[in-house]
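Residue numbers (the working numbering), protein chains in the order written: chain A, 271 to 839; chain B, 5 to 341; chain C, 532 to 864.
One thing to keep in mind: the hints can contain errors.
[What the hints assert, rightly or not] Heads up, simulated SDA-like pairs for lysine to any residue below, C-alpha to C-alpha not over 25 Å straight-line:
hint, chain 1, residue 1, chain 2, residue 2
1, B, 53, A, 501
2, B, 249, C, 565
3, B, 53, A, 729
4, B, 146, C, 565
5, B, 249, C, 651
6, C, 627, C, 565
7, B, 53, A, 347
[To be verified] Quick list of simulated restraints, FRET-style, between CB atoms:
hint, chain 1, residue 1, chain 2, residue 2, range
8, B, 127, C, 622, 33 to 43 Å
9, B, 61, A, 675, 45 to 55 Å
10, B, 340, C, 663, 34 to 44 Å
11, A, 486, B, 119, 32 to 42 Å
12, A, 489, B, 115, 22 to 32 Å
13, A, 566, B, 183, 57 to 67 Å
14, A, 394, B, 61, 11 to 21 Å
15, B, 115, A, 454, 20 to 30 Å
16, B, 153, C, 609, 54 to 64 Å
By construction, these hints were calculated from the structure, which means they are not laboratory data. Note that CB positions come from ideal geometry on N, CA and C, so glycine has one too.
Read off the chains here:
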Amino acid sequence: MKLKTLLLGAAAAVAMAPLAAQAERGSDGQLNIIYWQAVSILNPYLSGGSKDRDASALIIEPLVRYDPTGAMVPYLVDTIPTVANGGISEDLTSITWTLSEGILWSDGTALTAADVVFTAQYCMAEDGGCASATAFADVENVEAIDDRTVKVTFSKPKPFPYGPFVGNASPIIQAAQFADCLGAAAPNCTDANFGPIGTGPFMVSEFRANDTISYVANPNFRDSAKPAFASVTFKGGGDAAAAARAVLETGEFDYAWNMQVDPEVLSNMEAAGKGRVVSAFGTMVERMLVNLTDSTAAAGDARSTPEAGGHPYLADPAVRRALSMAIDRATLVEVGYGAAGKETCNVVPAPAIYASTANDWCLTQDIAGANALLDSAGWVDSNGDGIRDKDGVELSILYQTSTNAVRQDTQALVKQWWGEIGVETELRNIDAAVFFGSDPASPDTYQKFYADIEMYTNWFDGTDPETYMNSWTCGQIPGPDNGWQGNNMPRYCNADYDALVVKLSSTSALDERAAIIQTLNNMLMEAGAIIPLVHRGAVSAHANTLLGVDLNAWDSEMWNIADWTRGDM
Amino acid sequence: MLNYTLRRLMFTVPVLLFISFIIFIILDMAPNDPTGNLPMTIPPDVREKIRESLGLGQPLPVRYFKWCVQFFINEPLNIIDKMFDVCTWGCEDRLRVRSWATRSPVVDLIVERMPQTLWVVGMSYVVGIILAVPIGVISAYKQYSWFDQAGTFVSMVGFSVPSFFSGVLVIVIFSVQLGWFPSIYDTTLKVVDWDTFMMQIRQMVMPVMVLALQTTAQISRFMRASMLDNLNMDYVRTARAKGMKETTVLLVHVLRNSLIPVVTVIALGIPAIFGGAIITEAVFKVNGIGQLLIIGIQGADIPLVQTLTFIFAVLIVMFNLIADILYGILDPRIRYD
Amino acid sequence: MLDNGQKREKLVEVSDLKMHFPIYAGLFRKHVGDVKAVDGVSFDIFDGETLGLVGESGCGKSTCGRAVLRLYDITSGSVKIGGREIGATPQGDLRKMRPTMQMVFQDPQASLNPRMTVEGIIGEPLSEHTDLDRKGKLAKVHELMDAVGLNRAFSSRYPHEFSGGQRQRIGIARALALNPKFIVCDEPIAALDVSIQAQVVNLLEDLQKKLGLTYLFISHDLSMVRHIADRVAVMYLGKIVEVSPRDALYSDPLHPYTKALLSAVPEPDPDVTTDDRVILQGDVPSPSNPPKGCNFCTRCPAVMDICHENEPEFREVSPGRFVACHHHNETTN
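When you get a sec, could you build the whole thing from the sequences and use the hints?
Right, here's the structure in full:
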């Protein structure tokens, strides 16, 4: 699929949309949404949490969103700039956006290029702590050519220049409202952060932090027939099971987010017939990271850095491969994820053009094969303690992850399978705020990686994995010199890989990019630095009477809330 | 008594300052990170920027001093401004204690949470006491009767069944099966007429009952034990020998003496009302102070947790003092000089 | 004192009074036995006299005193006060009769409600049983305080602010509030300092003279009983073993137990030989499991075979002297 076809798809989606909604604005009354993680703030630039981004997506919008297929859909512009239509300069260093005509803020004033420029300034301001800074990476300048035209200039050629103002990470905020909130002053603008003025279908009527948001339809929304709902209540709190119950069993709510509930429990609730569970797959992959450096305490200060040398046994590719072969991914999906997961053998499982098929051997569990592989590599149980060893090194693994019921189930299953191939496993789980925290003094962070194997989910925003692939270059290895900041958890370092990543950054043709990304993915998989387990989807539940929900893994789940209506199945 | 109260109050100041410093140190040593719960797609350098914008780059004594200034000077000044609609010194750019997750003043968040917490948790406390006192009295008076046995059983249930079980159980029965009460508390509901009042009652029934069961269990046991202590006292026999009515003996002589320790226990439990009920609030989505605290802890929202914990500390210290003073008022044998 | 045995009116008549406390044990709290604290007691008290009730600790004298006043629901027997049978009267009806019969308790500290002022304690029965107004009540309280020798300025104080002797005076004032005829004094001096004991006993005697009271004076202090009582009843293990006029009892005790008790009284004169002192062996049997035959047979220095078999009858062996002992059966028969 080329970018053009993506765009065609987008155009078709836009053309379809008006057919769905014939209703008048506000004719469907009240909509109730429940997020079991309560919303803290409605300014996504100060939060970054997906709950906060979703809640603000009802109000503020980017220029372009992604649809459920990963294609771009224009929201505040008429056309998406490309090299072909002249919107992107030939040298790939600038992109020019033209705003649609007549778009108004909810306070009745007109959306202008100045607002777009201000949005960039806001996020790029010093000391602002902008959570969406990645979207503005390499941006050199954002200027308003005229009232409706904005030109973004990059410091280097950007083959994929759709970072700023695209997707749910960088919606446009109103310059007039946030003018005094730049940089260090950002947190002081509580009123603006709790009630941004936007161009979206709804506006805030009451915001109760970490509790409930009440919205009403935006009278100045560009489509006079939308949204169909007059008001929305966005309730937060509780747990995933309670949220599922409120939609599927009691019918008190119309929509619930992120149904991290035991698959069996969820399907029992769905049987009550009040609602249904929907899922969508983006790029989230639950994976194991294999520590290629010496993670034993004996390594001292150099522990888990390349200076400590190779890992006593995980440095052997045969061991890494055998560990992957011993895992039954289908069982992991069935036990822990249900509709929310699919087994995968790639770290880049989507979009389809980037997904490789070269590693599909991992889809079937092969205990016998793993045993044979370890035998032939010289790992045998020489001292009769039931654990394979070689040269005095025992295959005894410390396997860590964050505290989470599903992850602990996975750990237990994996421990059992690895036991069948003569590998001993010690399990460890750490509270998420500690594990994913980056306190350089804490030995328990995922970046320090004082373990042999760790497990978590990662993904990339939007559809382009260039930055994501950059994670596993040598320069990204965390260590004391960079304050343990870095994304290369396996400490994988391969000159060929790094060279290919550099090549990717200067390649713009989509099919060439796809080929490079597949190769990078395959290099990681063949090296066994990452053991992918489950391709995770977003799972939500909605009432049967709520129509128009089209779950989107590439953008906010609320991306098309303007099209939601009330009706019978 | 006044001297005693003043002396105790004076002593609380260094105690509370010390407590606030200990809380600060403990929270600082906790290895969690306010950016820890952000999506993995936010790279480490951006996280570092976010942490700097939260003021985490500064050394601990500076942060503690800033918090003290904000909490002990700026927040009270702000309350004065709000109450009298004036602008005392520096009201425009006064730094207030701000939550890291919401970037809004912590005190405003707490004030917003107070109504539902006081309504639900406070009401459950009142209901619990109203039920517990008669249950305790009758259980003690008719010791080992079927009523006493039933009361003991209910207390055991109240003590041993956690609210995350009883709460979900009543939701499944009364919300899912019978559909009588909503399973999710609506904090935005404003009581303006009879219908909204009834809605408020309906949404309060389940959380209040679940919490009241625990309060009743606890206080009825205290009440019973205290009544039993007093029922066997000689002065009760004296009262009977005087030819007083049995109800007079029970309610005037025994109950009033038995209430002394119970009132103290009740007073000591009041700070817990303001602390909210973390689990029950989560089960019924009441989103009061308890939920605010747990969200703050999960999200490593240090200013929020620090401030809430400190307010609890103040309340606990205060109600300990109040309990002591109450004891002095209720029991003429105790004198503070 | 009236001790010349003329024909007087009986104010209190107790016959075959039994007070058993059930014992429950086991998982289902089964009734497994009874503590026979008072097991068939009979005696009379004449109008205006003081009957001393003596016995060692645990023999049931306090229970007996309370049972006579029906502070317990008695197991069986009959109690007549002023000719009226109250043995089976329900507590509710009994309440109306409380003014005529009162009690002074052993522990003046515990028997006064700590949260009531002296005025409240003394005045409470007045509001319950009379229709005095506030002023009248206060006047009566002050009058009672004067009568027992308490400073009336202390009427708004709490019991803990008084000394032990003063507290017992409060207890006496409270008992007197409703002009009773009969007062059970349950070891009223046991908890007091020796120096105070005499004061309180003298107060009781003065009040008896002034108000014509009848006392059942329970004590384990034989010399104090000798001082105050007209007649003395000796109790052992739930039963009365001997009732005699005071002087007769002290000079010529009939029952072996009485003899043993009297010989245990410390003799203030060191020159008097105490060779004939009777020392009892062994412990008092459990009141839940009394011995067969005579209750005293396990410790009696003059025990006979019959004592282990038959319970001795409580009978009048000489005018005004009653005893329950097989030795005295023979003399009279």
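- Message: Taking the earlier hints as the rules, which of them does this structure contradict?
- Response: 1, 2, 6, 7, 9, 11, 16
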